[in-house]
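Protein chains: 2
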Amino acid sequence: MVRNVGFKSQEKVESALKKIFRNVKVIGVEEVSVYNSAGRVLAEDIVANFDLPTLDRSAMDGYAVKAEETFGASETNPIMLKIIGEVRVGELPSVEVESGSAVKVFTGSVLPKGANAVVMLEFTKSFGDFVEIFRSVTPFKNVLRAGEDVRKGEVVLKRGEIIQPQDAGILASLGFEKLKVYKKPVVAVISTGNELVEIWKKLEGAKIYNSNNPMLCNAILSLGFSAKSLGITRDDPREIENKLLEALSFDMLIFTGGTSVGAHDYVPEVVSKHGEILFHGVAMKPGMPTAFGIVRDKPVFMLPGSPSACLLAFETFVVPALYRMMNVRIVERKGALKKGVLQSRIPSELGVRSYVRVYWDNGKVYPVRISGSGILSSLVKANALLIIPENLEGYEAGEEVEVMLIRDLTEVFE
Amino acid sequence: MVRNVGFKSQEKVESALKKIFRNVKVIGVEEVSVYNSAGRVLAEDIVANFDLPTLDRSAMDGYAVKAEETFGASETNPIMLKIIGEVRVGELPSVEVESGSAVKVFTGSVLPKGANAVVMLEFTKSFGDFVEIFRSVTPFKNVLRAGEDVRKGEVVLKRGEIIQPQDAGILASLGFEKLKVYKKPVVAVISTGNELVEIWKKLEGAKIYNSNNPMLCNAILSLGFSAKSLGITRDDPREIENKLLEALSFDMLIFTGGTSVGAHDYVPEVVSKHGEILFHGVAMKPGMPTAFGIVRDKPVFMLPGSPSACLLAFETFVVPALYRMMNVRIVERKGALKKGVLQSRIPSELGVRSYVRVYWDNGKVYPVRISGSGILSSLVKANALLIIPENLEGYEAGEEVEVMLIRDLTEVFE
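Protein chains in written order, with the numbering used here: chain R, 1 to 414; chain Y, 415 to 828.
Honestly, I wouldn't trust all of these hints.
Stated by the list, open to error - To be clear about the criterion: a stretch of chain Y counts as covered by chain R if any three or more of its residues have a C-beta under 8 Å from a C-beta of chain R, and this derived list gives those stretches:
{"no.": "1", "segment": "468-477"}
{"no.": "2", "segment": "576-584"}
{"no.": "3", "segment": "598-609"}
{"no.": "4", "segment": "658-666"}
Unchecked claim - Covered stretches of chain R, as calculated for chain Y (at least 3 residues, CB under 8 Å):
{"no.": "5", "segment": "32-39"}
{"no.": "6", "segment": "89-96"}
{"no.": "7", "segment": "289-299"}
{"no.": "8", "segment": "347-354"}
{"no.": "9", "segment": "390-400"}
For the record, the hints were derived by calculation from the structure and aren't laboratory data.
Quick caveat, the model's predicted, so the values are computed rather than measured.
Note that the Cβ used here is the ideal one computed from N, Cα and C, for glycine as well.
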């Protein structure tokens, strides 16, 4: 390859990434609304200020009772209790369950004092002020206990976690209206080349349209970062220098074109005048004429002008750097399918599709203990989903299953 | 399961999706800037108005020559040509190559008249006005021919394609400043429940914070759609009705809570009063109390109030509906890893990481023909990337390889 000839040394991709991670730093922390926080990286551990649920609640529609009083109840030998009131969802109980009585409750009702279990509506029959109980319940049956979802003082989410929609849900449940997150970098994009014209101008002679700026701006925007196109500079060291100095007001700079070792490749030279070049020339194809430097603490990427090489170098080096500025390295993106061996049996109802929240760890799949779909933390503690199709009755422990990651797997830098 | 009891019938997940796809329609077409178009769905085929490149160009730094005049050239028997000028990138040639002459060119220079090939700089040595050629070149060697990347009249991207950054690049190259895309739906999110309070208020008594609205707003926003929280309504048919009518100004409505068959579940009843319920009760767990209806042409989703069930039902039904409104069904998301059998040999240089653009089709992997990284269309015609690590010299035809999708695989509805 001709192009190789010019580079004194070619940095290996992994070694180039290490240099980027060592030299790029977090740019700061800011507060965002929990309503628009997905994709942001938490800059603080989140500790629960109170229990979730705050009080014992019924997990079913039915009757709150003293469990002990239902022992021995059956279809043929029902137990009769007096209905002394009801607790509507969202209201505090105004009655107390005493011996021989029951209180009507709904899914989510606060459990009245004196009761310690709920009999499901299906296993009861009411006659005026009285209800027949056809099944016995054990203490705390059909009760979601205070703190069962989240316990006060528990670390719910760790610094460095990329916030998922379900995280926003639990954070809202815990009263976190604002969240401290790492600032997202704003990136300046500059194309260099005498042949380039902007798309809104007329294409004449030997000119070509600037396609790298729209390509990179889209790539940056679609990751949720901000991008600003600073247009085109000619292959002229003075012009490149002026643009470099102007662009230093942004968090990161990307130049494309003029990064090789040809007669008109001035960008690395200009960057080295004002800062330090960490590498120039990478052992990748396409993408070899990629360089990276730091100017006044700002990362400066110099990407090849050839569009395919430019985009591949962007994905390989710039994307990890953007996340580095938010203090995380993405090890695996959510949505990825992972295989793993199920660590305990999961039953499922035939004819129903089950979405089982699991924790995938290095080839092992652990079901996340769940007492009901009301438990929001199950989607926060799980990192993957196991879908059991309608035609299966579940999976046995030891079976290999395929799960889908529902959160990004990340590592924190600082 | 108690909850099942109440549903007259349970719609299977696939059948529910079919009803959604049949009843949800495209909401319109709008124009967006190519600079901010990634993730949007093309509403028109894109046909190239001119060739790319527009003129024959050099793919290397070197000398433009008549190929025939280099035949027989070698290190020991170089051929001497007169340098009659140079063509800088972005300028039209001012000279013509005649017998016995050569013109200096750079990567991207327009090929001067009379020349039909380029000898790479490495295989030449210049002495003043003369250059020694050490290698022969065949006609059009190191030349990127006009139309080689994209030919005038070619369909570059099809209606229904989700625009990727590289697509924005080629669209800009072809002078498309504005693109016709399907409108993105704006979604109204409403929680119902007497127990709910907004996060900015004080939590008292039996109340809990509204977590579904922030959860769903984040889920919608992070997919690139717009969301508006319309707050909380109490479990009151009149209040729900008012909110429904208010929310009909949006493109899609999502209610959470009050969707089951309990005493205080009024949402499906109110929706059916003003429109049609397509299904109520789905054979999925969690997520069974999910309903879907159409009111005055607007899709109305009724999701369970339990947060986990709510989010899983959202992902299962609402996300496909949102894309349905942009006329596509996503079959597979980019980033997914796919296995396939390589259909032809791909060599790679030892010590260099190669990024090979390939087309994955149902278990077969076809390398996309490339004449250089300057060929932008390679990243547009490819749908996947094969990365060859530094320690391999490539892959043989017939080998099974793993590739990563670089564009969403989609199907168009209308």
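Comparing the hints with the structure gives:
Check on the segment 468-477 of chain Y: 4 of its residues sit with their Cβ under 8 Å from a Cβ of chain R, so the three-residue criterion for coverage holds. Remark: the segment 576-584 of chain Y is confirmed as covered by chain R, as 7 of its residues place a Cβ nearer than 8 Å to a Cβ of that chain, reaching the required three. Under the rule that three or more residues need a Cβ within less than 8 Å of chain R, the assignment of the segment 598-609 of chain Y holds, with 3 such residues. With a cut-off of 8 Å between beta carbons, the segment 658-666 of chain Y has 0 residues touching chain R; three or more are needed, and the interface restraint is violated.
Under the rule that three or more residues need a Cβ within less than 8 Å of chain Y, the assignment of the segment 32-39 of chain R holds, with 6 such residues. For the segment 89-96 of chain R, the stated coverage by chain Y is satisfied: 4 residues place a CB nearer than 8 Å to a CB of that chain, which reaches the threshold of 3. Figure legend: the segment 289-299 of chain R, annotated as covered by chain Y; annotation inconsistent (0 residues with Cβ-Cβ distances under 8 Å, at least 3 required). As drawn, the segment 347-354 of chain R meets chain Y at 6 residues by the rule of a beta-carbon pair under 8 Å; at three or more, the given contact holds.
With 1 residues bearing a CB less than 8 Å from a CB of chain Y, the segment 390-400 of chain R misses the requirement of three and the coverage assertion fails.
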